[in-house]
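Heads up: the protein sequence lines correspond to chains A and B, in order. The first sequence begins at 921 in our numbering and counts up by one. The second sequence begins at 28 in our numbering and counts up by one.
Errors might be hidden in some of the hints.
With a straight-line Cα cutoff of 20 Å, these simulated SDA-like cross-link-like pairs (lysine to any residue) come out [unchecked claim]:
#, chain 1, residue 1, chain 2, residue 2
1, A, 1044, B, 60
2, A, 1008, B, 207
3, B, 147, B, 68
4, B, 147, A, 994
5, B, 61, B, 50
6, A, 1008, B, 134
7, B, 208, A, 1003
8, B, 147, A, 984
9, A, 945, A, 1128
10, B, 62, A, 987
11, B, 147, A, 1019
12, A, 1008, B, 58
13, A, 1008, B, 64
14, A, 1008, B, 68
15, B, 58, B, 182
16, B, 208, A, 1007
17, B, 147, A, 971
From the structure, some residues in chain B lie toward chain A, with a derived Cβ separation under 8 Å [unchecked claim]:
#, residue
18, 57
19, 59
20, 138
Over the 12 Å line for every Cβ pair with chain B, so calculated as not near, a few chain A residues [what the hints assert, rightly or not]:
#, residue
21, 1034
22, 1046
23, 1058
24, 1096
25, 1131
26, 1183
To be clear, the hints were calculated from the coordinates, so they are not data collected in a lab. All residues carry an ideal CB built from backbone N, CA and C; glycine is no exception.
One-letter residues, chain by chain:
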Amino acid sequence: MIQVNNLTFSYSKKPFIEGLSFEVKAGEIFGFLGPSGAGKSTVQKILLGMLPNYEGSAVVGSVECKKHGSNFYQNIGVDFEYSTMYEKLSARENLEFFSSLYRLRHRSIDELLMAVGLENDADKRVADFSKGMKSRLNFIKALVHDPKLLFLDEPTSGLDPTNSRLMKDMILEEKRRGKTILLTTHNMQDATELCDRVAFIVGGKLFALDSPHNLIMSKGAAKVTYTWIENGEQSASCDLTEMAGDKKLRNLIAENRLQSIHSSEPTLNDIFMEITGKTLV
Amino acid sequence: MSAAQTGTLHIPKVRKKDMRAIQISFLHMLKFMKKDMMLLAAGLSPLLMGAAIRLGIPAIDKALRSFTGLSQILGPYYSLFDIFYSAITPSMFCFVAAMVMLEERDDHIDRYLFVTDLGKRGYYISRIVIPALVAFVISAVLLPIFRLAVSSFAMILFLSFSGTLQGIIIALLVVNISSNKLEGMALTKCASLMMLGAMGPYFIERPSSHILFFMPSYWTGLVITEGRAIYVLPTVLVSVIWIVILSCGKFRRYT
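In isolation and in its complexed conformation, chain B is listed as follows:
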């Protein structure tokens, strides 16, 4: 028997009726979040950040324009703020989920949950998939309220979707690399740099900007700046590659 064989993750299939335990586990995570002020603040931060962007950026732009006399300063980058905001909301939710997972790992609770009716797959669904789905819905609801430039329904859905994929990548990076909650918080800051790829199409000439090809947010930026739907494909593809690599047994510390 090879090491590769033994390192493979075994996850039994989840049946429909097992969704009950998954639902309970997810709701428990929300209850747990309420008892932790840091996690609660992180969960509520998209509302505050949305308000700050929606009210603050145009005001700053107006002030800068009247001060400098220039006709355009921040205006051309309003869509970039929308991209950032669409990624921040899911990232915060996935950060909360990652922190809960790290705390459960620190306290050996994850291993216990694996041997309950929830099971290993159910645990991952309740801690990564469902928070990501909720984050997607919340992002799709908040983005139209706090957006600065993006207006089409399709674009809002796309930004929410790509932001959610980034949130999942950040959560997986954090739980894979960190060995405890403290490391996780530090690593979240580094992992969040993944969002900066969106700046590439705005500030770097093509083809030099393609150096950022490995960042999903770079392709998201291209979708917005170029207005071409073809870039949706690499956005999804690069994200999926990240998720698959971080989910496979070889790179997974979280087993």
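Bound-form chain A, shown alone:
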């Protein structure tokens, strides 16, 4: 669905994106992870055909982004991080207007509003919406023309846990409907939960690209932490793969003195820090 080869772009004389290459397969959720200013939004703008002066290749569908025609956006839905609604108009008026701009396929506005729990607020002015309501409305705006490719920028930002869950379920539902989704986020938990593959981008360069599971398993060994009582509570830890060789642990098990034992895998954020030397949160 998306093929990027040796992509280089600059806002000044210094390259901002340098030699970026990756591929997003049809039907997958691909996560772009990186700190602010890493180049995620710039790559998104290039893929949306908004920055044509790049070098290398960026193909969406079968169209080179810098040469796109007017049909290019028919199959693309975009959910920007910020609200892009007419504040003086109602939710329904907004959705009807944006939907009317497209020639083909229109999804039911009522069904979309119901899916994000806004059916009772459909005729309320967007200016009176909370931040979370605006986020949900922004998301379904990207779906009104039933696009094949979705660009989602921090879709769960500013949402409470309930609505964040609702949004994530909707994203997964869109994947089940066959959509390809490019997700930009700082939220490692969302990325781990939603993405089939993630790319770590820092300073306009790609540092890693794999599934969250593979990244976690390949870069960090799971740890086992155990506690026992000996002049108060004591604790120790070892790698999961070296448990059998840990004498203390073996003795504690043999003497039945273990108070607790648990394993912990590194998070995607730990892996991101290990690979890029930077933190996302």
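Could you slot chain B onto chain A? The hints should help.
Chain B in isolation, oriented as in the chain A frame:
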């Protein structure tokens, strides 16, 4: 890759079938205008101003003449009022369009519209070109109703056309320089001073008046006062230069 290269605006070509989205976007702007009393008032103001000029100026002139005993006071400047009126109508329409664009920029809606079927070029057409065309037609309809001096059909068309060009320049100035709607309203007042160039040929001796050469309205004033069609050329040329400068990537904030 140079900065100049990266700053260039990329606007894909618009095909005939894309006019549908442009039309919807323009009609949406009118709907949006109806919900904003200030914009609605600005859109209707040419009618009120036309009536005020048509009825008020001759009445004031008559009163002044009878009070002073002079045979001519405002009479020689009736054509100047026509020039102003021909510029005010398109300027008000372009002001409305500029305000809508600024509000869309404030709410990040413009960027979203760029990535819909409307596209960037379609957006500019629906917000600048079509309002200007409508303004031209309305100006050409209202000017014969509210005119004070200009009578020929060709002159009415010319005044409507030059007024429309000024309206486009004012709209581009406002959206280029202002960063929000409030600034836009303040800047519109300054940008409207462009119309005052028309006073040059009436009140300043030649060649001193040529100092106003950079104002399209100055050349419009010369067309009327001198009655020479040759001045149509600099009117259009100066306007086009303004529009090109304000539309090119280097000066455009609105991208």
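We went through each hint and held it up to the structure:
{"no.": "1", "hint": "A/1044 with B/60", "verdict": "19 Å, holds"}
{"no.": "2", "hint": "A/1008 with B/207", "verdict": "16 Å, holds"}
{"no.": "3", "hint": "B/147 with B/68", "verdict": "28 Å, violated"}
{"no.": "4", "hint": "B/147 with A/994", "verdict": "14 Å, holds"}
{"no.": "5", "hint": "B/61 with B/50", "verdict": "17 Å, holds"}
{"no.": "6", "hint": "A/1008 with B/134", "verdict": "11 Å, holds"}
{"no.": "7", "hint": "B/208 with A/1003", "verdict": "18 Å, holds"}
{"no.": "8", "hint": "B/147 with A/984", "verdict": "17 Å, holds"}
{"no.": "9", "hint": "A/945 with A/1128", "verdict": "17 Å, holds"}
{"no.": "10", "hint": "B/62 with A/987", "verdict": "38 Å, violated"}
{"no.": "11", "hint": "B/147 with A/1019", "verdict": "17 Å, holds"}
{"no.": "12", "hint": "A/1008 with B/58", "verdict": "11 Å, holds"}
{"no.": "13", "hint": "A/1008 with B/64", "verdict": "12 Å, holds"}
{"no.": "14", "hint": "A/1008 with B/68", "verdict": "17 Å, holds"}
{"no.": "15", "hint": "B/58 with B/182", "verdict": "33 Å, violated"}
{"no.": "16", "hint": "B/208 with A/1007", "verdict": "14 Å, holds"}
{"no.": "17", "hint": "B/147 with A/971", "verdict": "12 Å, holds"}
{"no.": "18", "hint": "57", "verdict": "12 Å, violated"}
{"no.": "19", "hint": "59", "verdict": "7 Å, holds"}
{"no.": "20", "hint": "138", "verdict": "7 Å, holds"}
{"no.": "21", "hint": "1034", "verdict": "23 Å, holds"}
{"no.": "22", "hint": "1046", "verdict": "9 Å, violated"}
{"no.": "23", "hint": "1058", "verdict": "9 Å, violated"}
{"no.": "24", "hint": "1096", "verdict": "24 Å, holds"}
{"no.": "25", "hint": "1131", "verdict": "29 Å, holds"}
{"no.": "26", "hint": "1183", "verdict": "45 Å, holds"}
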